[in-house]
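Asker: As a plain string of letters, each chain reads:
2 protein chains.
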Amino acid sequence: MEVTSHLGQDLDLGNRCSRLAFNWAKRSFPVRGELEGQVVLTESGSFANLLQFGNVRIGITSDGIGTKIEVAERCGRYDTLGFDLVAMVADDLIANGIEPTGISNILDVDRLCETTVDALMGGLYGAALAARMAVTGGEIAELGGRIGGYGDGMHFNWCATAVGYFPEGRESLTGLQIAAGDVVLALRSPGLRSNGFSLARQILARRLGDSWHAVAGPEGKTWGEILLTPSLIYAPHLYDLLKSGVDVHGFAHVTGGGIPDNLGRILRASGCGATIGDTLPPEDFFLVLQEWGGIPDRLLYHSWNMNHGMLVILPEAALNGASRFLADAGFDSRAIGRITSSPGIVIASRGREGGEIRYERSGK
Amino acid sequence: MEVTSHLGQDLDLGNRCSRLAFNWAKRSFPVRGELEGQVVLTESGSFANLLQFGNVRIGITSDGIGTKIEVAERCGRYDTLGFDLVAMVADDLIANGIEPTGISNILDVDRLCETTVDALMGGLYGAALAARMAVTGGEIAELGGRIGGYGDGMHFNWCATAVGYFPEGRESLTGLQIAAGDVVLALRSPGLRSNGFSLARQILARRLGDSWHAVAGPEGKTWGEILLTPSLIYAPHLYDLLKSGVDVHGFAHVTGGGIPDNLGRILRASGCGATIGDTLPPEDFFLVLQEWGGIPDRLLYHSWNMNHGMLVILPEAALNGASRFLADAGFDSRAIGRITSSPGIVIASRGREGGEIRYERSGK
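Residue numbers (my numbering), protein chains in the order written: chain V, 25 to 388; chain H, 25 to 388.
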């Protein structure tokens with residue numbers, strides 16, 4: 025159970041609520057006993073989003089796209105958010121080694137606008153196709169004043185649950201196999217995906233005023249366009265990578281909390297750390313936002329993905345095969361660091377301060 | 025794909041958006057082809073919420089509890105909403121013959137309140153236990169001004185996706201087996217479940233003012249308490265009923281649209297109609313709301329469940345067995361009508377007007 029703060033507020037409160045929700049959920053795990061749908065626990069007793077039905081293991085995960093929706097409202101463009109929604113849940117599943125197969129979505133609106141609903145659902149269809157997933161369910165709820173947003177159009181919040189298939193005989197990607205010397209390969213992501221919008225919006229509004237989205241940004245696009253950049257969906261290609269037999273020890277889907285939290289989480293089982301000595305060069309807009317916001321490098325890498333969308337952890341011997349495979353699939357990827365036996369994550373910053381940043385805690 | 029209007033507004037627009045979302049989703053069904061997770065279509069080519077993984081069929085459905093949350097905010101009581109959330113999705117699955125096994129929930133909040141989150145998640149745990157489901161996932165998203173509500177506390181919207189198991193060899197409950205002469209058995213529901221709140225709230229606010237929830241109602245409770253009455257969860261008992269071998273031809277989970285829409289939907293495949301000659305006596309509060317709102321009987325049965333939570337359609341020969349089974353499970357149930365060969369649904373009203381109401385259209 026996760027708490028995602030799209031406001032960037034009290035992280036401790038978020039963590040307490042997250043733990044509290046997880047502890048209640050955990051108490052319910054035994055209810056299925058030996059019945060169909062029982063909760064599969066990993067070797068270390070933790071939950072890997074897997075349910076057992078007969079000889080079949082099914083994965084399930086839920087997420088939403090937070091306040092990125094405000095950017096779509098500002099730009100009046102609604103056909104790309106489906107890519108963000110699918111990416112959030114599909115890439116969380118594949119990070120556990122689960123092939124995403126279906127997505128059920130819930131759209132809460134203040135009032136209906138047919139054109140906007142059409143653009144959202146058309147985008148969801150396109151993204152589902154790209155992810156090789158069927159849209160297997162949906163609910164649109166009209167909630168009036170319980171939903172707010174920017175401007176005069178239809179306001180909404182959008183979330184989804186994805187289900188997926190965990191092939192028989194495959195090892196669960198819990199990170200237990202991760203060992204010192206393994207390589208960390210990064211898949212480049214254009215833009216923020218669906219996290220870190222609170223900080224970005226605050227900085228832009230303070231610097232550029234309420235219509236910040238229409239102001240030209242550093243890369244020949246408006247700030248609205250830059251922030252609305254749709255998420256890449258890695259899942260089907262990473263599934264093919266696993267299927268090809270390349271030896272992957274773990275994935276880290278870089279969402280809220282950036283590299284430190286998400287890499288940290290998959291390192292917990294092994295107790296290892298990582299030295300990320302060759303981070304990807306960030307898009308210019310990150311550095312402009314950093315300057316305007318007076319953001320220290322440590323916060324920069326903790327708040328935003330800094331163009332790292334997915335990390336693949338694998339033994340050195342598998343690196344060339346994986347790199348070729350991902351290049352053929354059209355992804356920009358590169359080895360950015362190594363797993364270390366000592367815990368903690370060290371990142372060579374490409375922010376304005378530069379130098380090495382050390383994050384002590386591995387994951388939340 | 026459903027559109028649930030919790031505002032009671034433009035139903036045509038809702039239906040158009042619902043069709044539009046479904047048509048986009050349907051275009052995605054072929055994407056899994058013969059792969060795991062393919063979408064199962066019924067004999068008549070429609071979608072019954074089933075996905076095929078190897079020899080296992082998995083059901084999936086999503087829903088939320090709409091503006092019933094405002095009543096909880098008014099009463100300051102949060103530990104019963106979990107029963108409403110589980111009931112919405114679990115009882116939708118069992119209505120398709122699918123045993124609910126797991127639930128993944130998404131809680132969108134304006135800002136976090138630990139006490140409220142604890143009450144919600146504790147209630148969800150209790151409801152999941154009652155439904156024999158594991159809480160297999162969760163996400164809490166802080167969304168600030170995108171979420172609104174009543175009073176000063178944490179505001180939120182809450183939705184969930186349930187997964188379930190469809191036993192091998194079982195017939196899908198698509199309603200094709202329904203035939204003239206079958207009996208309609210009703211399971212009594214106290215209160216509104218999670219639909220029809222818009223109309224009820226409007227009437228109460230107009231009659232009693234903004235603090236209507238604190239005013240004493242007709243049954244020794246406040247109006248807030250009456251409207252907050254938690255949903256019964258029928259699913260595990262109906263699953264046991266199916267497993268016991270009782271011959272059930274169909275279920276209708278009475279949600280938005282009342283008996284006409286929900287019974288109508290399951291009657292579509294057979295082309296049958298129904299005469300409901302002995303509706304359950306409604307709780308007093310329904311009649312008080314009817315009077316205050318000047319609601320015609322036709323709208324009454326179309327807006328609210330009128331204490332019918334679930335309808336079971338079965339051959340006459342199965343009636344005694346089913347009734348005994350449900351009584352032993354602690355449910356108040358009764359035969360209320362019969363399936364007819366001619367389409368349309370006729371309801372003997374127990375509203376203030378009385379007499380017979382004829383609904384021409386079968387379902388949305």
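I should point out that these hints are in silico values taken from the structure, not numbers from a laboratory.
There's no promise every hint is true.
Note that identical chains are pooled: a pair holds if it fits in a single copy or bridges any two copies.
Subject to a maximum C-alpha distance of 20 Å in a straight line, what follows is the list of computed EDC-like cross-link-like pairs (lysine to aspartate or glutamate) [said to hold, decoys possible]:
1) Lys245 <-> Asp302
2) Lys245 <-> Glu380
3) Lys267 <-> Glu380
4) Lys267 <-> Asp234
5) Lys50 <-> Glu60
6) Lys50 <-> Asp234
7) Lys245 <-> Asp103
8) Lys245 <-> Glu58
9) Lys267 <-> Asp176
10) Lys245 <-> Asp34
11) Lys50 <-> Glu384
12) Lys267 <-> Asp352
13) Lys50 <-> Glu243
14) Lys267 <-> Asp302
15) Lys267 <-> Asp142
16) Lys267 <-> Glu195
17) Lys245 <-> Asp36
18) Lys267 <-> Glu58
19) Lys50 <-> Asp302
20) Lys50 <-> Asp285
21) Lys50 <-> Asp176
22) Lys50 <-> Asp103
23) Lys50 <-> Asp264
24) Lys245 <-> Asp308
25) Lys267 <-> Glu60
26) Lys267 <-> Asp103
27) Lys50 <-> Glu138
Since the model is a prediction, treat every value here as computed from it, not as a measurement.
Asker: Next step is simple, just say for each hint if it's right about the structure.
Answerer: Hint check results:
no.: 1; hint: Lys245 <-> Asp302; in the structure: neither (28 Å within a copy, 66 Å between copies)
no.: 2; hint: Lys245 <-> Glu380; in the structure: neither (31 Å within a copy, 64 Å between copies)
no.: 3; hint: Lys267 <-> Glu380; in the structure: neither (36 Å within a copy, 62 Å between copies)
no.: 4; hint: Lys267 <-> Asp234; in the structure: neither (48 Å within a copy, 60 Å between copies)
no.: 5; hint: Lys50 <-> Glu60; in the structure: within (17 Å within a copy, 28 Å between copies)
no.: 6; hint: Lys50 <-> Asp234; in the structure: neither (44 Å within a copy, 40 Å between copies)
no.: 7; hint: Lys245 <-> Asp103; in the structure: within (18 Å within a copy, 48 Å between copies)
no.: 8; hint: Lys245 <-> Glu58; in the structure: neither (55 Å within a copy, 42 Å between copies)
no.: 9; hint: Lys267 <-> Asp176; in the structure: neither (47 Å within a copy, 52 Å between copies)
no.: 10; hint: Lys245 <-> Asp34; in the structure: neither (33 Å within a copy, 39 Å between copies)
no.: 11; hint: Lys50 <-> Glu384; in the structure: neither (28 Å within a copy, 48 Å between copies)
no.: 12; hint: Lys267 <-> Asp352; in the structure: within (15 Å within a copy, 51 Å between copies)
no.: 13; hint: Lys50 <-> Glu243; in the structure: neither (46 Å within a copy, 38 Å between copies)
no.: 14; hint: Lys267 <-> Asp302; in the structure: neither (28 Å within a copy, 59 Å between copies)
no.: 15; hint: Lys267 <-> Asp142; in the structure: neither (35 Å within a copy, 41 Å between copies)
no.: 16; hint: Lys267 <-> Glu195; in the structure: within (12 Å within a copy, 35 Å between copies)
no.: 17; hint: Lys245 <-> Asp36; in the structure: neither (36 Å within a copy, 39 Å between copies)
no.: 18; hint: Lys267 <-> Glu58; in the structure: between (30 Å within a copy, 17 Å between copies)
no.: 19; hint: Lys50 <-> Asp302; in the structure: neither (39 Å within a copy, 44 Å between copies)
no.: 20; hint: Lys50 <-> Asp285; in the structure: neither (22 Å within a copy, 37 Å between copies)
no.: 21; hint: Lys50 <-> Asp176; in the structure: neither (42 Å within a copy, 31 Å between copies)
no.: 22; hint: Lys50 <-> Asp103; in the structure: between (37 Å within a copy, 18 Å between copies)
no.: 23; hint: Lys50 <-> Asp264; in the structure: neither (32 Å within a copy, 25 Å between copies)
no.: 24; hint: Lys245 <-> Asp308; in the structure: within (12 Å within a copy, 62 Å between copies)
no.: 25; hint: Lys267 <-> Glu60; in the structure: between (27 Å within a copy, 14 Å between copies)
no.: 26; hint: Lys267 <-> Asp103; in the structure: neither (31 Å within a copy, 45 Å between copies)
no.: 27; hint: Lys50 <-> Glu138; in the structure: between (40 Å within a copy, 18 Å between copies)
Hints 1, 2, 3, 4, 6, 8, 9, 10, 11, 13, 14, 15, 17, 19, 20, 21, 23 and 26 from the list above are not met by this structure, while the remaining hints are.
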